[in-house]
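**Q** The residues making up each chain are set out below.
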Amino acid sequence: MSFTRRGVVTLAASALLLAGCGSGESEAPAASGSAAAAEEKVTVEWWHIQNIEPMAPVWDAMAKEYMAAHPNVTIKVTPLENEAFKAKMTTVAQSGESPDIYQTWGGGVLQQQADAGIAKDITADIAPWADTITPAAAAAYKLDGKTYGVPYDIGMVGFWYNKALFTKAGITAPPATWTEFIEDVKKLKAAGITPLSLAGKAKWPGHYYWAYLAMRVAGLDALKQAAASKSFENPDFITAGQKLKELSDLKPFQNGFLGANYDTPDGQAATMGNSKAAMELMGQWAPTVQKDTSKDLGEDLGFFPFPMVEGGKGSATDAFGGGGGFAVGADAPPAAVDFLKFILSPENHRKEIGTGAILPVIKGTEDAVSSRTGKMVAETLAQATDFQLYLDQAYPPAVGQQVNDSVAELIAGTKSPEEIVKAITETAQSE
Amino acid sequence: MTIVLFLLPAIVLFALLVLAPIALATYSSVFKWNGFGLFPTNFIGLDNFTRLLGDEIFLGDLSRGLVLIVFSVLIQLPLALAIALLLNQRMRGRAVYRLIFFMPYVLSEVITAVLFTMILSPERGLANELLGLIGLEELESTFLSEPSTVMYSLFIVMTWKYFGFHMILYLAGRQSIPNELLEAAQIDGATTWKVFRHVTLPLMGPTIRITIFLSVIGTIQLFDMVYVLTGGGPVHASETMGVTMYEFGFKRFQVGYASAISVVMFLLSLVFAIGYQRFVMRRDTEGAITNMRGKR
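Just so you know, the sequences run in chain order A and B. Those letters in the first sequence? Residues 1 to 431, by my numbering. Those letters in the second sequence? Residues 1 to 296, by my numbering.
Bear in mind the hints are in silico, worked out from the structure with no lab data behind them. Just so we're clear, the structure is a prediction, and the values are computed from it rather than from any experiment. For glycine and all other residues, C-beta sits at the position ideal for the given N, C-alpha and C. Check the hints yourself; a few may be wrong.
Claimed, not checked - Lysine to any residue pairs mimicking SDA-like chemistry, simulated, CA-CA at most 20 Å apart:
id, chain 1, residue 1, chain 2, residue 2
1, B, 32, A, 114
2, A, 251, A, 116
3, B, 32, A, 425
4, A, 230, B, 53
5, B, 32, A, 116
6, A, 422, B, 123
7, A, 186, A, 304
8, A, 313, A, 386
9, A, 41, A, 313
10, A, 251, B, 53
11, A, 142, A, 171
12, B, 32, A, 296
13, A, 276, B, 49
As the list claims (entries may be wrong) - Some chain B residues judged to face chain A by a derived CB distance under 10 Å, without partners named:
id, residue
14, 92
15, 124
16, 143
17, 251
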């Protein structure tokens, strides 16, 4: 308890300090007059979450390069771990201050930040180069026709599977329909192989299953409609839950999955990398994390899109996922947007893609994808007919977290498909 | 005047770091607020509190807290007392044992939790490996992943971390008992049990009462260890008030509701602290208070 309290105080104190510095700088040029605007010294505060290899050094190098070309601009780079970033962002948001450039996933969270006047409407600022960004990637950051952020990465969720284990269970081709998928799960179980690896403690990986099933059964429009009308009381969502229950009743997950994390040495990714499970439903980063936490499956690792559900309203080519983007703080200097333009120039974007951790969001850079797994995701994504952002990002945070929580309860067997739809609706209405 | 001057720094710090957050949380708790902007605006009265009383997760937090308190008082504290009394005997390496048993308390809660997520991991954890080695495979378990066993696992980790602290308090309490009293009882023919029951235990009363107090308050505020160890899961089976508060405040951005939880935690601690001091620790604090009055 005391640990957290101290942390919060430190954060608050540093936020105060930052606020102090910020206002001091913005007053100085006003006094010296706008004639010297070109030489004006500005500091751009940049918070990103690529705090580890391979992206961290790439961002650092780009910041240095930009500063060398623009001596009046200082870019203060703060790499943060994902969860730490979210907690820190909450704290500074309460003071009404935000960094000049910061990580965003778009959707409902960005909407809240825009409503609170923390994120800046950059529609006009990026207009000259806005159409270099692929529309599917840009969609999550456009809210009510205004753009509040730009993407640097895009990807999708799908099944990563271990070809060797599939062969061992006598499965020749990846399943295309839900019925085939369930059959394959049964075959794997019969062969003594754990069909699926899942991080139950983290909750977000579980919500992928329900989200995809809801997309396949009810369709994308139903999900958008539900958020708008604040009601998930749609029989199709209950059907989606029943399909998931049908799966979880087969006990397809690894031993102790309810307590498993995603990227720890005994987590979902490692279980997959160590060939202890045949499949995981995960985003484009899955191969990287498998390699980091356990072993690289190499050629044995395959990718197939989430199977279609017979009689469903959604298309088998509708993709689900998200990427990463940068939002611009309300009080950010123009240099912030200019820097975003710099890191998203085709030439620089190719460098980012070259790390293997990022997939293209700029038109004409698709050929820079070099890794085999990256290509598989990029190809499937290129054929996508429609795109749904992660539900825990697309919806307001409370609703998104409730989806995660409820789906976890459904998978654990403590709640029924009807109950979770009701719980999500209640939360949506309390917002 | 000088008194005021010398008290000022402490009072300012206390007001800024203790009173102000309490006031702010209480204020936010009657608003529907997502935490953005300087101050909340959407006043909803006591709605957050009525919602709290109908929230099955929060009610679960209360009953789980109660279970942990009962376990702590009935198992953890007696264990600490027994070990303290054992380590009070003359024996070889006594100081080393005391040091070893006290060591877990020095670790931070987060480190303890990370350590135990590794030890209790189902596939490659130390606990299951050891059970397998000594031929107790049937006891192998997914300790932290099973809603039915997670509370026991959590309690074991809590005990491992905190019994050393209580043990040291008991040791100090035991050593403050003059040996003459124990000798006199023995000369009068009291058995070991009778000496313990009628001399040692009553004289250690103040220490025991204070450890119960610390244990209960600590359990009400339990957060760090649970959050890292289980995240409150699986499916809320080990969630505490602190974890629920964090989930709502920092993940769901319902800061008003999270503040209401923190206010309830504060009130529970406050009521317990005042009640306990008033009724249970009355005799222990009496001396201190009369002394102060006497001097004034």
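**Q** All hints are to be evaluated individually against the structure, with a verdict given for each.
**A** A quick look at each hint next to the structure:
Annotation: proposed proximity of residue 32 of chain B to residue 114 of chain A holds, straight-line Cα distance about 18 Å (limit 20 Å). In summary, the hint linking residue 251 of chain A to residue 116 of chain A is not supported, as the alpha carbons are separated by about 44 Å, beyond the 20 Å threshold. Simply put, residue 32 of chain B and residue 425 of chain A have alpha-carbon atoms about 18 Å apart, close enough for the 20 Å limit, and the pair holds. Between residue 230 of chain A and residue 53 of chain B the alpha-carbon distance is near 24 Å, which puts this suggested pair outside the 20 Å criterion.
Simply put, residue 32 of chain B and residue 116 of chain A have alpha-carbon atoms about 14 Å apart, close enough for the 20 Å limit, and the pair holds. Of the supplied pair hints, the one linking residue 422 of chain A and residue 123 of chain B is violated, its CA atoms being roughly 36 Å apart against a limit of 20 Å. A C-alpha spacing of about 18 Å is found between residue 186 of chain A and residue 304 of chain A, which places the hinted pair at or below 20 Å, so the restraint holds. This hinted pair checks out: residue 313 of chain A and residue 386 of chain A have alpha carbons roughly 13 Å apart, not beyond 20 Å.
In summary, the hint linking residue 41 of chain A to residue 313 of chain A is not supported, as the alpha carbons are separated by about 55 Å, beyond the 20 Å threshold. For a cut-off of 20 Å, the pair hint linking residue 251 of chain A to residue 53 of chain B is broken: about 35 Å separates their Cα positions. Proposed proximity of residue 142 of chain A and residue 171 of chain A is contradicted: the alpha carbons are some 42 Å apart, above 20 Å. As the CA atoms of residue 32 of chain B and residue 296 of chain A are separated by approximately 48 Å, the hinted pair breaks the 20 Å bound.
For the hint linking residue 276 of chain A to residue 49 of chain B, the alpha-carbon distance of about 46 Å lies beyond 20 Å, and the restraint is violated. The interface hint given for residue 92 of chain B is violated, since its Cβ lies 37 Å from the closest Cβ of chain A, which is over the 10 Å cut-off. Proximity of residue 124 of chain B to chain A holds as hinted, the smallest CB-CB distance being about 6 Å (cut-off 10 Å). Interface hint status for residue 143 of chain B: upheld, as the beta-carbon distance to the closest one in chain A is roughly 8 Å, under 10 Å.
The restraint placing residue 251 of chain B at the interface with chain A holds, with a minimum CB-CB distance near 5 Å, inside the 10 Å limit.
Hints 2, 4, 6, 9, 10, 11, 12, 13 and 14 from the list above are not met by this structure, while the remaining hints are.
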